[in-house]
Every structure is written in C-alpha cells, then in structure tokens.
Amino acid sequence: DAKTTQPTSMDCAEGRAANLPCNHSTISGNEYVYWYRQIHSQGPQYIIHGLKNNETNEMASLIITEDRKSSTLILPHATLRDTAVYYCIVRARNTGTASKLTFGTGTRLQVTL
Amino acid sequence: DAGVIQSPRHEVTEMGQEVTLRCKPISGHDYLFWYRQTMMRGLELLIYFNNNVPIDDSGMPEDRFSAKMPNASFSTLKIQPSEPRDSAVYFCASSLESRLAGTYNEQFFGPGTRLTVL
Chain A
1 DAKTTQPTSM DCAEGRAANL PCNHSTISGN EYVYWYRQIH SQGPQYIIHG LKNNETNEMA
61 SLIITEDRKS STLILPHATL RDTAVYYCIV RARNTGTASK LTFGTGTRLQ VTL
Chain B
1 DAGVIQSPRH EVTEMGQEVT LRCKPISGHD YLFWYRQTMM RGLELLIYFN NNVPIDDSGM
61 PEDRFSAKMP NASFSTLKIQ PSEPRDSAVY FCASSLESRL AGTYNEQFFG PGTRLTVL
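First to last, the sequence lines map onto chains A and B.
The first sequence lines up with residues 1 to 113 when you count with the working numbering.
The second sequence lines up with residues 1 to 118 when you count with the working numbering.
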C-alpha cells in the first residue's frame, strides 16, 4: 500500500472550513484514497473515499490533485463535534474482497470556539 | 440497524484469567474485523473473517489470542491467559464488500471494549 503523510495536529475555529491535507506520492493507479475519523472514546468512522475525481457527501468533500499525489479533506463548516483524529488511508479496491486498512497516526483536529 | 454491537464495554480482570470479547456485526455484512488500539501501537488489525471463515490472522499477537465466528451474527475474541500488556481497547468492525452496492473498504466500527488486565 502507498504510504501516507499527514500533519500531526491542526486547529480550526468553529464555523470555518477545516482543510486536512494528506500526501500519498507513491499512490498507484488502482488505489483509492479513504478518510476515516475517530472521535475520542469511539470507534473509527468512515467519511469518504475517491479515486481521482473530487467527491462530496453529507459529511465532507475530498479534493484529489490531478497527479493524485496528494489530497485534502474539507469539512466546510467545522463544529466542536468534528474534533477528532482524521486518518487518510490509501488502498486498492478489490472487487468482492475486503482489504486490510492500515491506520497510521492521523491528524488530530481540534475545533475551537 | 443498531450498528455493530460489542460486549462488554469495559472489562477488568486479573493476569492469568480468560477474557472473552463479543461482537455482533451489522446484519447482511459479509466481513468482520477485530482491531486493537493502544497509545503505543495505534490501531492494529488482529484478524478478519469473510462469510464466517478466518481469512487473515497474521495480526494476532500470539497463541494466547483466538477468534471464532460460529455464524454470521456473532464473533468472539478470546485471550487465555490474559497479561497486563493485553490492556487496550478492542474494536470489532464489519463491512459489506459488494460490487453491486459499490461498497468497498467502508468498515463500520463498534464502540469498543476497554480491557484492563491487572
């Protein structure tokens, strides 16, 4: 699996957009970018994934650069409840089989008043 | 759906005792995963099942750990004998890997079991 690099921590003011970067310069053509988050004392939660096009769902937007070597997770209006550790994971998407997700150290996002 | 259910939520035991953690995956999911999380090692995959069959147990730390999935709605992770270094939060997750549904690698995690071995 391609290695990912994320900042250790970030702060964001409540109501502002939180932009969480992830570098994955060795990503291969069949690998997707997945984002999960883990709120304190809870299990990780799937957020979004993408291959090369930008993606948006009710939780967040994912912007992947054209060369696919980096991506940014955007929380458009961060709230205190978005305070969590955010994990960027690169993994191939195997038809009909599960993949082992490797969680790194992630980015600790602190949303403040 | 109630989501992934784990029990107990907290377990405190003494070294040498047997510990059994339980998991009920989301109905209809065909994969089940057991993870362990500690401050030192982060979140580690221990073992995962597909249609009740163990697929990869390379993350299981040693013979003291065993996992079973007797049916599609229940799995156990057993530690016998337990040791203080087994203290961690153990998460169970499930997923549906479906080309038809377009779902891959979207794992749903339970609330975890916090295990303390004294």
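Mixed in with the good hints there might be a few duds.
Unchecked claim - Stretch by stretch, here's where chain A covers chain B in the computed footprint (C-beta under 8 Å, at least three residues):
no.	segment
1	40 to 54
2	106 to 117
To be verified - Facing chain B, according to a computed beta carbon distance under 8 Å, are these residues of chain A, among others:
no.	residue
3	45
4	76
5	80
6	83
Said to hold, decoys possible - In silico DSS-like links for lysine-lysine, alpha-carbon gap of 25 Å or less:
no.	chain 1	residue 1	chain 2	residue 2
7	B	68	B	24
8	B	24	A	69
9	A	100	A	69
10	A	52	A	69
11	A	3	A	100
12	A	69	A	3
13	B	68	A	52
14	A	100	A	52
15	B	78	A	3
Hints were generated in silico from the structure; no laboratory data involved.
Backbone N, C-alpha and C define an ideal beta-carbon position, used for all residues, glycine too.
Verification of the supplied hints:
1. With a cut-off of 8 Å between beta carbons, the segment 40 to 54 of chain B has 5 residues touching chain A; three or more are needed, and the interface restraint holds.
2. With a threshold of 8 Å between beta carbons, the proposed coverage of the segment 106 to 117 of chain B by chain A holds, since 7 of its residues qualify and at least three are required.
3. At a threshold of 8 Å, the smallest CB-CB gap from residue 45 (chain A) to chain B is about 7 Å, leaving the interface hint in force.
4. Interface restraint check for residue 76 (chain A): the shortest CB-CB distance to chain B comes to about 21 Å, outside 8 Å, so the restraint is violated.
5. Given the 8 Å rule on beta carbons, the hint for residue 80 (chain A) is violated: about 20 Å separates it from the nearest Cβ of chain B.
6. Interface restraint check for residue 83 (chain A): the shortest CB-CB distance to chain B comes to about 18 Å, outside 8 Å, so the restraint is violated.
7. Distance check on the hinted pair: residue 68 (chain B) and residue 24 (chain B) sit about 12 Å apart at the alpha-carbon level, within 25 Å; holds.
8. Taking the CA atoms of residue 24 (chain B) and residue 69 (chain A), the gap is near 38 Å; set against the 25 Å cutoff, the hint is violated.
9. Proposed proximity of residue 100 (chain A) and residue 69 (chain A) is supported: the alpha carbons are some 21 Å apart, at most 25 Å.
10. About 10 Å separates the Cα atoms of residue 52 (chain A) and residue 69 (chain A), which keeps this hinted pair within 25 Å; it holds.
11. Annotation: proposed proximity of residue 3 (chain A) to residue 100 (chain A) holds, straight-line Cα distance about 14 Å (limit 25 Å).
12. Proposed proximity of residue 69 (chain A) and residue 3 (chain A) is supported: the alpha carbons are some 11 Å apart, at most 25 Å.
13. For the suggested pair residue 68 (chain B) and residue 52 (chain A), the alpha carbons sit about 38 Å apart, so the restraint of at most 25 Å is broken.
14. Only pairs whose Cα atoms come within 25 Å are accepted, and residue 100 (chain A) paired with residue 52 (chain A) is accepted, the gap being roughly 21 Å.
15. Using a Cα cut-off of 25 Å, the hinted pair residue 78 (chain B) and residue 3 (chain A) is violated, with the two alpha carbons roughly 32 Å apart.
In summary, the numbered hints that this structure violates are 4, 5, 6, 8, 13 and 15.
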